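Asks: Letter by letter, the chains look like this.
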Amino acid sequence: MHDLGGVSPFICAPVDKEPHALTEFDRTVDAIRQVLGQKRIMSVDELRRGIEALPETDYHRLSYYQRWLRAIVAILLEKDAITEAELRRALEQQ
Amino acid sequence: MIFAPGSAVRVRDDWPERRGRCHIRTPHYVRGVEGKIVRHLGDFANPEDLAFARPAATVPLYHVRFDARAVWPDATGDELMIEIFQHWLESA
Amino acid sequence: MSMNLTETDSDRLLAALRAVLADKAIATGAEITERIRVTDAGGPAQGARMVARAWADPTYRALMLADGARAAEALDIPMRGLPPLGVLEDTPGLHHLVVCTLCSCYPRAVLGYPPFWYKSAAYRARAVRDPRGLLAEWGTVLPDTVKLRVVDSTADYRWMVLPLRPAGTEGWDEARLAAIVRDGDMIGVTIPAIAT
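Protein chains in written order, with my numbering: chain A, 1 to 94; chain B, 1 to 92; chain C, 1 to 196.
Possibly wrong hints are sitting among the right ones.
[Claimed, not checked] Computed cross-link-like contacts, SDA-like style, restricted to lysine to any residue with a CA-CA straight-line distance of at most 25 Å:
hint: 1; chain 1: C; residue 1: K24; chain 2: A; residue 2: V35
hint: 2; chain 1: A; residue 1: K17; chain 2: C; residue 2: G133
hint: 3; chain 1: C; residue 1: K24; chain 2: A; residue 2: Q66
hint: 4; chain 1: A; residue 1: K79; chain 2: B; residue 2: F52
hint: 5; chain 1: A; residue 1: K79; chain 2: B; residue 2: A53
hint: 6; chain 1: C; residue 1: K119; chain 2: B; residue 2: L50
hint: 7; chain 1: A; residue 1: K17; chain 2: A; residue 2: R61
hint: 8; chain 1: C; residue 1: K147; chain 2: B; residue 2: P55
hint: 9; chain 1: A; residue 1: K39; chain 2: A; residue 2: W68
hint: 10; chain 1: A; residue 1: K79; chain 2: B; residue 2: P5
hint: 11; chain 1: A; residue 1: K39; chain 2: A; residue 2: F25
hint: 12; chain 1: A; residue 1: K39; chain 2: B; residue 2: V59
hint: 13; chain 1: C; residue 1: K147; chain 2: C; residue 2: E137
hint: 14; chain 1: C; residue 1: K147; chain 2: B; residue 2: R65
hint: 15; chain 1: A; residue 1: K79; chain 2: B; residue 2: A45
hint: 16; chain 1: C; residue 1: K119; chain 2: C; residue 2: G139
hint: 17; chain 1: B; residue 1: K36; chain 2: B; residue 2: L89
hint: 18; chain 1: B; residue 1: K36; chain 2: B; residue 2: P5
hint: 19; chain 1: A; residue 1: K39; chain 2: B; residue 2: P55
hint: 20; chain 1: B; residue 1: K36; chain 2: B; residue 2: D74
hint: 21; chain 1: C; residue 1: K147; chain 2: C; residue 2: T190
hint: 22; chain 1: A; residue 1: K79; chain 2: B; residue 2: T58
hint: 23; chain 1: A; residue 1: K17; chain 2: A; residue 2: Q66
hint: 24; chain 1: A; residue 1: K39; chain 2: A; residue 2: E86
hint: 25; chain 1: C; residue 1: K24; chain 2: C; residue 2: E34
[Stated by the list, open to error] Short derived list, chain B residues pointing at chain A, Cβ under 8 Å:
hint: 26; residue: H23
hint: 27; residue: H28
hint: 28; residue: G32
hint: 29; residue: L50
hint: 30; residue: F52
hint: 31; residue: A53
[Said to hold, decoys possible] Calculated Cβ distances over 12 Å to all of chain B for the following chain C residues:
hint: 32; residue: R12
hint: 33; residue: Y60
hint: 34; residue: A62
hint: 35; residue: K119
hint: 36; residue: A122
hint: 37; residue: W138
hint: 38; residue: G139
hint: 39; residue: D156
Please keep in mind that the hints were generated in silico from the structure rather than gathered at the bench. Please read these numbers as outputs of a predicted model, since none were measured by experiment. Backbone N, C-alpha and C define an ideal beta-carbon position, used for all residues, glycine too.
Sequences and hints are given; from them, build the entire structure.
Replies: As structure tokens, this is what we get:
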């Protein structure tokens, strides 16, 4: 799914070369990943594993940094760095 | 043992992803393919363990060169050069 | 994990995550803002300075090919704590193209955030198998006499291309040389050219 070298159907797809400026959302997710890495709370290898564990439909439906966000949350929950209860409470307050 | 530059190697034809949860950095398309060691890039913690926050041994990492047409007969490039960890390589 | 994250709106999920991380002092708002500032400061102009210096100075060129990170640091580009940087030297008979088929590894320290196309499934699928077709989409056509080597960035290094210095730039100073080097030139989808 993530291991895309030479695979169809993408081997026939044109490349979208438009710039697509990053949003505040994108920059924030990227920065959170960096802070978690610097503090050794979550490695880049764990992030990749989390992205690879996303269901295939999500992998291609979500944007790049939307995938990162879901992988970060899943890994932090798995490692008990944050809990489901904490996240649920915070979601209710948004 | 460290592979010397120019050594003929083969990437192991192994598919851990079919056996369960894993994280590997050896692309599918190069498994079982023969190539040549370009150089030893240094030793790095095994990402297959880092990905699960397990203690990770340090493993030699190589740049390995392959004939693109050995992978895909219809390839329009000439060579592929890929970083591959020692435990994925065997002498060819 | 029982929470259904895929159905949660992304903006809401990010706001909630930020709140939890701030509450627990795992990542404060100030720390996140600082990382954004540092990351935004990077960009292809950094790599372009290295390329221009290498074109102008053979000693620097040798350093850059031997150890990209030290060469970056020599130009005050911060590399501490970042992956090693490898530099791929183009010659009249050899052209390099960089891709990461497994994710999106990119020499961020010297080129900044990876561009959208670099992360796309189409680029990642095609770069290794149909690189000449891919280059054609950028209008880059290599003569048949030039060997095309595709570098799949799979592990601990990050890779940038040191392209050929274009003809017609003799006598140019480094700033003028750096101004013609674009991100695509340092990944290999394009070749530095003088605007006509």
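Asks: List in ascending order the numbers of the hints, as given earlier, that are violated by the structure.
Replies: The structure conflicts with hints 8, 10, 28, 39, although it agrees with all the remaining ones.
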